[in-house]
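Participant: Line order of the protein sequences matches chains H and Z. Take the first sequence: its position 301, counted from the start at 1, is 301 in UniProt numbering, and no numbers get skipped. Take the second sequence: its position 81, counted from the start at 1, is 81 in UniProt numbering, and no numbers get skipped.
By construction, these hints were calculated from the structure, which means they are not laboratory data.
Simulated coverage check for chain H against chain Z, where a stretch passes if three residues somewhere in it have a Cβ under 8 Å from a Cβ of chain Z: (1) 191 to 203; (2) 217 to 229.
Part of the chain H face toward chain Z, derived, beta carbon under 10 Å: (3) I235; (4) A241; (5) N244.
Positions of the beta carbon are idealized from the N, C-alpha and C atoms, including for glycine.
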Amino acid sequence: MEVPARSNEIALESFQFHEEIRQLMAPPPENASSFTALLELPHSRAVELLHSPERSNSQAVASEGPPKPYFHCPGGGGFGFPANSAVVGRDSMCSSFTVEANGSSQKVKDEPVGESDSDPHSSSQPLVSDPPVEDKAQKPGKRKDREKKAKGSAKKSKSNCAEDADKLPYVHVRARRGQATDSHSLAERARREKINARMKLLQELVPGCNKISGTALVLDEIINHVQSLQRQVEILSMRLAAVNPGIDFNLDSIFAAESASLVDSNFSNVSFPLPWSELQANMLRQQYQQQPWHLDSLQHPMWGREDCSHNLIASENSHLSYDSPANSVSMHSRAAENGVTKVE
Amino acid sequence: MDSYASFRESDPDTSLESGRKKRRKIEAESQSSEYGRTDVKWRSESAQRIYSVKLVEALQRASQSAAPATSRSTGGRTVRDLANRVLAMAARGRTRWSRAILASRLRLRRLRKVRKPSGSCSRPRKPLPAPSEDRKRRLPAVEKRVKVLSRLVPGCKGIPVTNLLEEAGDYIAALEMQVRAMTALTELLSGSHSDRLGSSTPSPA
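Using the sequences plus the hints, can you model the full thing?
Facilitator: Okay, here's the thing in structure tokens:
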């Protein structure tokens, strides 16, 4: 096992500590189900964060560790962790605020953020105290420990941090210079920070809100946006309902009447791969055998093509890892849209 | 709005398999950049695609189960409710509004069947939380708007402001995806429909 910085005691310690982490982190894909949202995300992120220290250490991952959520992303290793730079910057602002969260799993995001900061700044101390801290990882009280640990390096700032820290179950607010320190005003301030953070997110979401200042006006815009979206949905649903009767849902008749060549020609119109056509026709014939014949010749090709796309999509969806809805974990960050334009 | 049609049409072409790879690459790349954004999931192609598929399935079921004579299955309001329900299902029950949408239908059904004489079907309303020492919170302007917003987002009547804002964010993102998906779907269906009606394709006898 090669440790790059043998000369450094700290590196050795962190390596051992790192092994522990790795054991804990061992089966990331197993636990992915509890986090993977609609579309397979967070475990891949944590796994990737795992990858760099794994490369540097080339340590085999023990697989007996209990499947824990990714509390201890190997930021503690400090081994040239590629995402570290992106993460440290945020973290330095984060240690003073942890705000109420929806689900404990959201802690995951902040954990690596916090740990990676403590390392560069106070090297040996956090590494030593981290293992005991790890054990309590699942308790929200861990927040306090880390804050005390990172006291020296922590900057007392808000905004970005409050966004990230939004998801944590406990409120730990540090009073700033010149501000009252009684519990009420602290709680008030924490609450305000939460609200402001969420308002910021909403401002980014709603177009044209960035320039507006003032909570009331921004809320106005948000309300208008929601109302307009709901109206659009109504109009679209009426249009969809108008289109629907045109679609003959009696597929058996459609496909029984059509020859395979006709179906193929439809497919070529939308450039579907040809091998699908037989599969489609067979599937649909099986499904709708019982339907009576309502033939409308002009509608055959249309339905064939449209349902084709439907089935293609459906079969592709079966490949997507589409996890059970039973979890109360909220969504983790998702990859940015690749070319999908936002509705304005 | 044209972009949506083209986007939708190009989906089956390009991204059956490349889409999957694209998704994973993009996941890997942009992981660290977004932390608190739950709306990102609503922006992805696959979310829209999944929603569209589910919506089409539901529409088919609705139109099949209803008697062919009645127009109930394809009424505008029915379609809208159906679309909202599918959207709530797509949310996987993680948000309050989605659960409220799904639960409200159950509640309506139960009420129709049971027909309680008391008629008090409204869920117990929490009294307004007593104002604490928070002076800022009492701003009437903000309070009013918060109330209006809570009425707009389903299932968010008596919840604290922070949760409300979070629900609103997710709801907005979901609505936007819904609009995109339904637009694309409508264009796809109506486009192909008009195509077929326009061209006189002889049917094989």
